[in-house]
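We have chain A already, so just place chain B on it with the hints.
2 protein chains.
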Amino acid sequence: MNTNKTITRSNRPLILVTNDDGINAQGIKSLTQFLLPLGDVVVVAPDSARSGQSAAITVNVPIRMAQVDEQPGYKAFKTSGTPVDCVKLALNVLLADKPDLIVSGINHGSNSAVSVVYSGTMGAVFEGAIHGIPSIGFSLCCFAPDADFSVCGEVVADLCQRALSQGLPNGMALNVNIPDTDCIEGIKVCRAARGKWVSEYESRLDPFGRPYHWLTGHFENAEPDAEDTDEYWLARNYISVVPVTPDRSLNDIDNRIHNWMTD
Amino acid sequence: MNTNKTITRSNRPLILVTNDDGINAQGIKSLTQFLLPLGDVVVVAPDSARSGQSAAITVNVPIRMAQVDEQPGYKAFKTSGTPVDCVKLALNVLLADKPDLIVSGINHGSNSAVSVVYSGTMGAVFEGAIHGIPSIGFSLCCFAPDADFSVCGEVVADLCQRALSQGLPNGMALNVNIPDTDCIEGIKVCRAARGKWVSEYESRLDPFGRPYHWLTGHFENAEPDAEDTDEYWLARNYISVVPVTPDRSLNDIDNRIHNWMTD
Chain A
15 MNTNKTITRS
25 NRPLILVTND
35 DGINAQGIKS
45 LTQFLLPLGD
55 VVVVAPDSAR
65 SGQSAAITVN
75 VPIRMAQVDE
85 QPGYKAFKTS
95 GTPVDCVKLA
105 LNVLLADKPD
115 LIVSGINHGS
125 NSAVSVVYSG
135 TMGAVFEGAI
145 HGIPSIGFSL
155 CCFAPDADFS
165 VCGEVVADLC
175 QRALSQGLPN
185 GMALNVNIPD
195 TDCIEGIKVC
205 RAARGKWVSE
215 YESRLDPFGR
225 PYHWLTGHFE
235 NAEPDAEDTD
245 EYWLARNYIS
255 VVPVTPDRSL
265 NDIDNRIHNW
275 MTD
Chain B
15 MNTNKTITRS
25 NRPLILVTND
35 DGINAQGIKS
45 LTQFLLPLGD
55 VVVVAPDSAR
65 SGQSAAITVN
75 VPIRMAQVDE
85 QPGYKAFKTS
95 GTPVDCVKLA
105 LNVLLADKPD
115 LIVSGINHGS
125 NSAVSVVYSG
135 TMGAVFEGAI
145 HGIPSIGFSL
155 CCFAPDADFS
165 VCGEVVADLC
175 QRALSQGLPN
185 GMALNVNIPD
195 TDCIEGIKVC
205 RAARGKWVSE
215 YESRLDPFGR
225 PYHWLTGHFE
235 NAEPDAEDTD
245 EYWLARNYIS
255 VVPVTPDRSL
265 NDIDNRIHNW
275 MTD
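Residue numbers (my numbering), protein chains in the order written: chain A, 15 to 277; chain B, 15 to 277.
Just so you know, the hints here were simulated from the structure itself, not pulled from any lab data. It is possible that some hints are incorrect.
Same chains, same label: a pair holds when it works inside one copy or across any pair of copies.
[As the list claims (entries may be wrong)] Taking lysine to aspartate or glutamate pairs in the EDC-like style, the calculated list, with each CA pair at most 16 Å apart, reads: (1) Lys19 - Glu216; (2) Lys112 - Glu214; (3) Lys43 - Asp61; (4) Lys202 - Asp172; (5) Lys210 - Glu237.
Looking at chain A on its own, in the form it has when it is part of the complex (with noise of 0.2 Å):
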């Protein structure tokens, strides 16, 4: 079939856009404004929300792609995947040449510390982190619907501007969360602050008298206090820069796991 590869390269730089709230959310919309005037845009993003995707695959269904939009330098598409098929299936099937960045929002909530795991948002820039392709994640710590995305307009053309003309390190890809507020006072590099979700679930019983579970509860962040952790700034109307990897690996194995084998 003629649908393999019909994207060529302009001479403008080549920017994948997606993201996990669905092709017609408003942090996608404004992602796209952002970055239009940098290159030439083509938009992957599911069908509707889905959210909490992580780097989930569809494996056991084939995968629908259509078509939404045209305009000089812009073109978007729709699918029934997750946010890592979109990137997948632009790769294989839509564009004849790599892209030079692939950024992936604005999410409509954050994505910091342990959230980075269950994101989908992150889980499209792993997949370009695997291709070798510069990747970014941007997140506005607002989960409405309406939010006003404005505040992120600088950052996402200045950080999208440098991995274009720069690349990114080697291995390395961004998860950038904006503070929801018109005061940004700054910026900064930090890892991802650990804890957990807890009290996550408000079990009901339906009509009929069986129970159902929301999965629901709040984050409790084990390092409150640590200054090089990205809910430490963000508390602080700070833009959070996290870089991060999609090797799951850890890499001070050596002596505690030999220890630990042979113990």
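Relative to chain A, chain B alone:
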């Protein structure tokens, strides 16, 4: 309601078991048999296959959970959620005491190299590690539904007994892959081989002329000769043990990213 945390510890270790192939898969049945000599086993697993779910969580609909079996020292529950949901439900809704060990699998098929990123089996393991519980994922390098898991019994018992008696080094979880052979040569601690899946879609037209896309393709190992990688040793009939972490932050951020941000 009264489903909350009714399962308490006996005088034996408490082991939580889950998987991503679903509660009826042979892999989780074999795993349970291997673990019953080591402690009390509570199985909380998806009601059907959830392959490729990574660390996805269910956020927009509630989750169902129902007990499906009970024997002395053994209880089993199925859920409508993902592997991570299963761990969260077990910890928050079922278990009054924190389990001593979380074991996920035995997966039907390899979770070596970059597959750890997409694996629901390993998503559950990362969730356990986030909660500070020793967590191990096991996968047999055979996708067949009727795979013979007997080759896995010895390594499951050995590593899980070690984890029960010593815990695991702080912040470390284990990704264990087992070659599909009767002639296992040994066991190696290693890291995930770098690489990516390529040629990933088979695109077809439905009876109405509309395209759909099946995820397929193959893994391209970027470092086939690296002797410290899981792929290298699995190909030589060794069991691979990869220490992994749920932390996505890069450790060596200091100079590279600060230079990048200020260039």
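Hint check:
1. Lys19 - Glu216: Only across copies: Lys19 and Glu216 sit 13 Å apart there, 46 Å inside one copy, limit 16 Å.
2. Lys112 - Glu214: between (41 Å within a copy, 15 Å between copies)
3. Lys43 - Asp61: within (14 Å within a copy, 37 Å between copies)
4. Lys202 - Asp172: Cα proximity of Lys202 and Asp172: one copy only (14 Å, versus 45 Å across).
5. Lys210 - Glu237: Within one copy only: 11 Å inside a chain, 35 Å across chains, cut-off 16 Å.
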